[in-house]
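This is what each chain is made of:
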Amino acid sequence: MRNPFIVFVLAAITVAAQAPKPYTPPRMPDGHPDLQGTYDLATLTPLERPAGASAVLSKEEAAKLERAAAVAREEGDKSIKGDRPAPPKGGDGSRGAAGNVGGYNTGWLDPGSTYTVVDGQKRSSIVIDPPNGRVPAAKPEARRRALSLIARPTSDAQESNDPGLEPPGSYDDPERRPLGERCLLGFGSTSGPPALPDYFYNNLHQIVQTRDAVMILTEMVHDVRVVRMNARHLPKTIRKWMGDSVGRWEGDTLVVDTTNFTDKTRFHGSTENLHVVERFTRVDPKTLLYRFTIDDPDTWEKPWSGEYAWPATDSHIYEYACHEANYALSDILHGARVREEEAKK
Amino acid sequence: MKMLLAIPVLLGGLPLAAHHAFGGEFDANRPVLLRGKVVKTEWVNPHAWIHVEVTKTDGTKEVWMVEGGSPNSLLRRGLTKASLPEGTEIVVDGYQARDHTVLRANGRNVTFADGRKLFLGSSGPGEPPKDAVPTDQAKPPAR
Numbered sequence: 001m002r003n004p005f006i007v008f009v010l011a012a013i014t015v016a017a018q019a020p021k022p023y024t025p026p027r028m029p030d031g032h033p034d035l036q037g038t039y040d041l042a043t044l045t046p047l048e049r050p051a052g053a054s055a056v057l058s059k060e061e062a063a064k065l066e067r068a069a070a071v072a073r074e075e076g077d078k079s080i081k082g083d084r085p086a087p088p089k090g091g092d093g094s095r096g097a098a099g100n101v102g103g104y105n106t107g108w109l110d111p112g113s114t115y116t117v118v119d120g121q122k123r124s125s126i127v128i129d130p131p132n133g134r135v136p137a138a139k140p141e142a143r144r145r146a147l148s149l150i151a152r153p154t155s156d157a158q159e160s161n162d163p164g165l166e167p168p169g170s171y172d173d174p175e176r177r178p179l180g181e182r183c184l185l186g187f188g189s190t191s192g193p194p195a196l197p198d199y200f201y202n203n204l205h206q207i208v209q210t211r212d213a214v215m216i217l218t219e220m221v222h223d224v225r226v227v228r229m230n231a232r233h234l235p236k237t238i239r240k241w242m243g244d245s246v247g248r249w250e251g252d253t254l255v256v257d258t259t260n261f262t263d264k265t266r267f268h269g270s271t272e273n274l275h276v277v278e279r280f281t282r283v284d285p286k287t288l289l290y291r292f293t294i295d296d297p298d299t300w301e302k303p304w305s306g307e308y309a310w311p312a313t314d315s316h317i318y319e320y321a322c323h324e325a326n327y328a329l330s331d332i333l334h335g336a337r338v339r340e341e342e343a344k345k
Numbered sequence: 346m347k348m349l350l351a352i353p354v355l356l357g358g359l360p361l362a363a364h365h366a367f368g369g370e371f372d373a374n375r376p377v378l379l380r381g382k383v384v385k386t387e388w389v390n391p392h393a394w395i396h397v398e399v400t401k402t403d404g405t406k407e408v409w410m411v412e413g414g415s416p417n418s419l420l421r422r423g424l425t426k427a428s429l430p431e432g433t434e435i436v437v438d439g440y441q442a443r444d445h446t447v448l449r450a451n452g453r454n455v456t457f458a459d460g461r462k463l464f465l466g467s468s469g470p471g472e473p474p475k476d477a478v479p480t481d482q483a484k485p486p487a488r
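If you read the protein sequences in the order shown, they are chains A and B.
Numbering follows our numbering, with no gaps: position 14 of the first sequence is 14.
Numbering follows our numbering, with no gaps: position 76 of the second sequence is 421.
The set of hints was computed from the structure by calculation and includes no laboratory data.
Treat the numbers as computed from the prediction; the structure is a model and nothing was measured.
We treat Cβ as the ideally placed atom computed from N, Cα and C, and that holds for glycine.
Possibly wrong hints are sitting among the right ones.
Said to hold, decoys possible - Partial list, derived from the structure: chain B residues whose beta carbon lies under 7 Å from chain A: (1) A366; (2) G369; (3) A373; (4) N374; (5) N390; (6) P391; (7) H392; (8) S415; (9) L420; (10) R443; (11) G452; (12) V455; (13) A458; (14) R461; (15) K462; (16) L465.
Unchecked claim - Coverage of chain A stretches by chain B, computed from C-beta distances (three or more under 8 Å per stretch; other residues unrestricted): (17) 95-109; (18) 257-266; (19) 327-341.
Could you put together the complete structure from these sequences and hints?
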């Protein structure tokens, strides 16, 4: 092997043999990539990057965090005393959605166990633009709008002391309750667009695809979005809960453009002028890359974007039938009436 | 050192999106401890409900409804309402609904009589139950 030319040629062949081949997705009869399947969006990666974290987690950092999440889960599963007393009067101190009364056994939960991987990197946030990984601050007028939506006149003041941390008036009628609580849309923007993971459970989505339409089924609260391919948007007078989605192919990427939202969705404080562009690309046999760009000139100075992986799953989606036993909503509204009566005494 | 700091920050920053306001539904000033037998389970969304018959100190009985999570994630792990048969002795600690006229509470901790938690978590799907029909597998009945 003294001939330098032969050495060079052999080296080149070795490199070529080792270089990963560009992925060729399976195709539909119309020639476009087949994106169909069921995907589990559960992930530990939050929408926004926590303070102090870098955009990409090192292998060691990610492993440590994933282990910590697994340990927290194991802790939640541990046995406790069978002859225990009732929890403390005045609340158990649990914060956030658990509203000082706690939630339920961790066994019910099915959150993600790993950080999302994009381009081979473990990501610390779904938001990638702005580069700090945070949803940009809303314009002053958007903040005023949000306040005016919350601080409606109300006949009672008791609710401001609610450990659920909800402002006055929030319980005055069902239409003031969040859309998820009313079983109208998946909570936490699981139905989207943009479709975001939930950090509790039921993160499955199914895509069914034809030449003329792509259907995206969200298990949570059982929402279906039908993307009309190569179509024009509906007239502005026609508004839809999940907006009007039209699709087109840009190479092997499905691009879904959604407008015509109602003024009820208000993704992160947006208006009905919200414009969402989503991009679905099959990057390997088991993964879709999901990217989205959010624009609403009435809410943000400029568009912002996020991305995360949708891993395929063999698990099955089950019917949700959210209205079937939504005792919680009537309990919440009735509870508020009880408190009003108590306040009068 | 940086990593030691980053862990609690990241975990603490995990967003929680629950179906509803627990604090609006349940009363932090009405803690309850329920010990009794399962008499019925409602394996439904958005929340499953476990009905438990409790014997009061005066010997009379009353049936409480205990709120749990969504059954779908349990179905994927092979847990159905049959996994919690009638007659199972359970212990529940939680808080009563704000409307005190209804016997409903959240299942903050639901255990067997010896303190083992019900529905232990899992990091992945198990064997789906034989009698559960997934939406994505449903077929029209044979003619």
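Hint check results:
1. A366: Cβ of A366 (chain B) sits 4 Å from chain A, so the hint holds.
2. G369: holds, 4 Å
3. A373: This interface hint holds because 3 Å falls under the 7 Å limit.
4. N374: At 6 Å from the nearest chain A Cβ, N374 (chain B) passes the 7 Å test, so the hint holds.
5. N390: Holds, because the Cβ-Cβ distance from N390 (chain B) to chain A comes to roughly 5 Å (cut-off 7 Å).
6. P391: holds, 5 Å
7. H392: At about 6 Å, which falls below the 7 Å cut-off, the nearest Cβ of chain A leaves the hint on H392 (chain B) intact, so it holds.
8. S415: holds, 6 Å
9. L420: holds, 5 Å
10. R443: holds, 3 Å
11. G452: G452 (chain B) check passes; min Cβ-Cβ to chain A is 5 Å, inside 7 Å.
12. V455: holds, 6 Å
13. A458: holds, 5 Å
14. R461: holds, 5 Å
15. K462: holds, 5 Å
16. L465: With a minimum Cβ separation of about 5 Å from chain A (threshold 7 Å), the hint on L465 (chain B) holds.
17. 95-109: Coverage by chain B holds here, the residue count being 14 at a Cβ distance below 8 Å.
18. 257-266: Three-residue rule not met by the stretch 257-266 of chain A, so violated; n is 0.
19. 327-341: Since 11 is at least three, the answer is holds.
Taken one by one, the earlier hints fail for this structure only at number 18.
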